[in-house]
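*Asks:* Sequence:
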Amino acid sequence: MLALRFPAEYLGRVTKDSLVGTTIAGFNLLDRVGEGGTATVYRAEHATHGTVALKVLREKLRADRTAVARFVREASFGTRVTHPSVIRTIETGEDRGLPFLAVEWAPGELLESYAKRNAPFPPDEVAAVVSQVASAVFAAHSAGIVHRDLKPDNLIYDHKMRVVKLLDFGIAMATDMTPDERLTRAGFFVGTLMYVAPEALSGEVVTPAADQYSLATMAYLFLTGALPYLANNPREMFTQLLSQPPIPLNQAKPEITFSAAVEEVVMKGLAKAPSARYPDVCAFADALALALQDPFPAGATKDTSGLLARMKGLFGR
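The opening position of the sequence shown corresponds to residue 1 in our numbering, with each subsequent residue numbered one higher.
Hints may contain errors.
[Said to hold, decoys possible] The calculated lysine-lysine pairs, modelled on DSS-like cross-linking and capped at a C-alpha distance of 27 Å, are:
1) Lys60 <-> Lys253
2) Lys116 <-> Lys60
3) Lys253 <-> Lys272
4) Lys253 <-> Lys268
5) Lys268 <-> Lys160
[What the hints assert, rightly or not] What follows is a set of in silico ranges between Cβ atoms, one per label pair, in the way DEER data are often shown:
6) Thr48 <-> Val20: 17 to 23 Å
7) Lys253 <-> Asp95: 23 to 29 Å
8) Arg162 <-> Leu230: 26 to 32 Å
9) Gly144 <-> Ser275: 18 to 24 Å
10) Ser142 <-> Ser275: 17 to 23 Å
11) Lys253 <-> Ala174: 34 to 40 Å
12) Lys116 <-> Thr23: 16 to 22 Å
Just so you know, the hints here were simulated from the structure itself, not pulled from any lab data. The structure presented is a predicted model; accordingly, all values stated were derived computationally and were not measured. All residues carry an ideal CB built from backbone N, CA and C; glycine is no exception.
Go ahead and model the full structure; you've got the sequences and the hints to work with.
*Replies:* Rendered as structure tokens:
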């Protein structure tokens, strides 16, 4: 699956290929700016739409019915979800045997890259990012869509403006799909292991609660710079997700301690049972934002030589 990678300035070297310089359905392909397992992304210009990101299904998959069906489904989901924090779908179709998807060109960088350099984030930034992502995902849930692959690599972030946008519905699923319409075999899970909800590991149909779990995992990362599970390989991670509780937030990093309220919210979002989580992603984000208004333990403001000083050092950017 491909997370759409947009501005070339954060992707490093822009690579040319045979489609660069050609036109697909009126979109002039200027540069190839990203590539994944299923599609290639180009920066393109259109007389009406201006600069867009154009995603084209890779040549080796164009005869694969399942791959084409996934691509078409992603395009249809993008048109169903309209929200300021979701990359806008502009046009979908096929031209000369090339299935394509044109979407908004957004400024910023992948949140994954930003987090690797900057996590842990200041508490107010965590609240702002999580709230925007929750709002975007809730819009998808309201449209009957479970994202299933919510992670920093599927979000683009303009840190100067603190604006986040959800990029990719590549493996999303409609909640009203019949078993025959699903494109995942029984017994297999889809998603990214570090962020996937435990209930998804059996390949069973997941609910919106799975996206909340993924968002709580991201909140944990943004607050601590660490993930709630430590494993040496995918098999070990798989086992831990199924059988062990996540590492408590305040045990993630010895130099970082949050209030009991902050830890309680994050760990509730990471509950193994979907029913033990918040009613929806916005309820989780709202609870976290409220807790982060007073993020540190009682009395920490008096300990200027200890916890508070360390926290200021971490967040003083």
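*Asks:* Next step is simple, just say for each hint if it's right about the structure.
*Replies:* Here's how the hints hold up against the structure:
| no. | hint | in the structure |
| --- | --- | --- |
| 1 | Lys60 <-> Lys253 | 45 Å, violated |
| 2 | Lys116 <-> Lys60 | 32 Å, violated |
| 3 | Lys253 <-> Lys272 | 22 Å, holds |
| 4 | Lys253 <-> Lys268 | 19 Å, holds |
| 5 | Lys268 <-> Lys160 | 30 Å, violated |
| 6 | Thr48 <-> Val20: 17 to 23 Å | 21 Å, holds |
| 7 | Lys253 <-> Asp95: 23 to 29 Å | 51 Å, violated |
| 8 | Arg162 <-> Leu230: 26 to 32 Å | 29 Å, holds |
| 9 | Gly144 <-> Ser275: 18 to 24 Å | 20 Å, holds |
| 10 | Ser142 <-> Ser275: 17 to 23 Å | 20 Å, holds |
| 11 | Lys253 <-> Ala174: 34 to 40 Å | 39 Å, holds |
| 12 | Lys116 <-> Thr23: 16 to 22 Å | 36 Å, violated |
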